[in-house]
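Protein chains: 2
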Amino acid sequence: MAKTIPISLDAMGGDHGAEVVIPGAEIALVRHPDIRFQIFGNEKVVRPILDRYPRLKAASSLIHCDVAIAMDTKPSQALRQGRWRSSMWRSIEAVKTGEASVAVSAGNTGALMAMSKFCLRTMANIERPAIAAIWPTSRGESIVLDVGATIGADAQQLIDFAILGGAMARALFGIEKPTVGLLNIGVEEVKGLEEVRTAGRLLRETPLRSLSYSGFVEGDDLGKGTVDVVVTEGFAGNIALKTAEGTAKQIGGYLRSAMSRTLMSRIGYLFAKSAFDRLREKMDPRKVNGGVFLGLNGIVIKSHGGTDAEGFAAAIDLAYDMVRNELTHKIAQDLVHYHRGRYAAAAPVLEGDL
Amino acid sequence: MAKTIPISLDAMGGDHGAEVVIPGAEIALVRHPDIRFQIFGNEKVVRPILDRYPRLKAASSLIHCDVAIAMDTKPSQALRQGRWRSSMWRSIEAVKTGEASVAVSAGNTGALMAMSKFCLRTMANIERPAIAAIWPTSRGESIVLDVGATIGADAQQLIDFAILGGAMARALFGIEKPTVGLLNIGVEEVKGLEEVRTAGRLLRETPLRSLSYSGFVEGDDLGKGTVDVVVTEGFAGNIALKTAEGTAKQIGGYLRSAMSRTLMSRIGYLFAKSAFDRLREKMDPRKVNGGVFLGLNGIVIKSHGGTDAEGFAAAIDLAYDMVRNELTHKIAQDLVHYHRGRYAAAAPVLEGDL
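Chains as they are written, first to last, in my numbering: chain A, 3 to 356; chain B, 3 to 356.
For reference, chain A alone in the conformation it holds in the complex:
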């Protein structure tokens, strides 16, 4: 029998806490019977819900935690209140101790990132973690990072993000050498941020073994799926992500109101119902639920706070895939190769226009 995959869950995170986390875990367990869960949360709240799912209960251990981090808690506050003892902290800590291979929480992003950084620390040679999102495209899916872990990134940090995202694309899409683009703006006059230009030059001059650098991409390339991995600093990345989500909702609203407007359109809707169902499934934000924290000594997955059990299960599926496909190992490998290559290339690069 294959090795089991140990996953830790913060049962108290998200708008609905254990009411979503536990049923979500059940759904994921049916799809991946080799998961073993460590569930962190208030026993009084979680136990009665867990009792409803005997299969899940058999595959899980429930660890009681006194403290739950509220959705509006500020990161510094969360660290003060919740370090060592909150369900959020302990689910992350399980990754540090090796009891879990990945942690999943629907808790608030700022608190989760602050705790993850504090507990797991950034990897050697990585200055800043990033949040990677899976972006549905016309061609399939891409990875976009950073979508909001930090604001701003220098050229070296952008290259780090490229390596992290590249490893994730190898793990998630099974692509040997994923294509990577740097998000930029195309107005000739300005030619983009200095840091983006420098990162582009470095990636061109010193090609990486683990990825294929494709140059700059623009905002509309995100939906096209022009590259497997889009790299950006977190401010623009977060705005792009939320703008796309907002636009999708907006068009969904247009479509609904257009279809319900006349008798003819309502009849048309009935005929084309399967097509609309397909479209709805395609646009379902729950399907791509899960931001992956990369660059730390361990993987943490952030689920949307407002998602339902199906959405939370998708975040667990993502966590499962990341472990099964050895994301951490791939990242470590790629980083070693990159830094080895950097030392080898150091002399000619220093002679260049660095």
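No incorrect hints appear here.
Any copy, or any two copies together, can satisfy a pair, since identical chains are not distinguished.
Lysine to aspartate or glutamate pairs mimicking EDC-like chemistry, simulated, CA-CA at most 20 Å apart:
#, residue 1, residue 2
1, K76, E196
2, K179, D336
3, K251, D286
4, K289, D310
5, K179, E143
6, K251, E283
7, K251, E143
8, K251, D222
9, K5, E328
10, K226, E247
11, K226, D286
12, K284, E247
Simulated from the structure, these hints should not be mistaken for laboratory data. It should be emphasised that the depicted structure is a prediction, and the values quoted were computed from it without experimental measurement.
Using the hints provided, position chain B relative to the given structure of chain A.
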């Protein structure tokens, strides 16, 4: 009879040049018979096309220009080749001399902005021009700026953009005191760019007569239409704009493929055709064609380069509205009030935490 509105056109700009510009002008003229056009371009190319539209011909003067700026010309190159004598330059110059009240070009953005800055110069007290886009929202339309004139903006420049965008909202939407939001990211830990935070504090502390400051907005507020004017620096603004355009195209593609997939869905499509037509019209990018260059001594409208006659006509409509509703006057007024207010408020502000 009301005063005529003189509009200058760069007939050589865009992917299709005069073949789109001239029919576009005809469409706009039918809607606004009080426009008088000054058309700048190569006479040999433009004259035969103009001859096909007797009504337009009667309302226009054609001014021959030897030089046309190609779509891939770099800004510096465009200035070298095209200053004083290109159709792009001369259409802008007509605004400077007062022969036209506004210029419209589908030429390349970088070149058009470089020439506009060089020819018209920025307004007193305005350091940087901005490009304002009209953003279709679930509630109607908003104005978003800057969408790519320059990268980065300090707090004062963001406030300038707020004033420029506010004046445009008054001119375009007829709103007495438009609501203005600063585009930011919501991750608590980081709380957004320093400059955005400072601009927000200043707008809160010293309320402007011409606008109502609503605080920070996020990427998904763009499609919702949470505020009338969204202010951002040009890098994030350009990425947001192109991401939204890309997402709309992507979903349009999903919808088309879903509707054509089965016989039932094709029948459904026929029944609901009027609803789909409505949706298509709602999502038609030609309808909101036109980036408005703000902050210069004169207004220049940039049409999409790849648009058709209908789209170019929409850019002229926008130009017409901007003049009819006295955008330049409104901006000047708001700036005077702002700076007067600043002097008055200078003492207490200096005692504060500036």
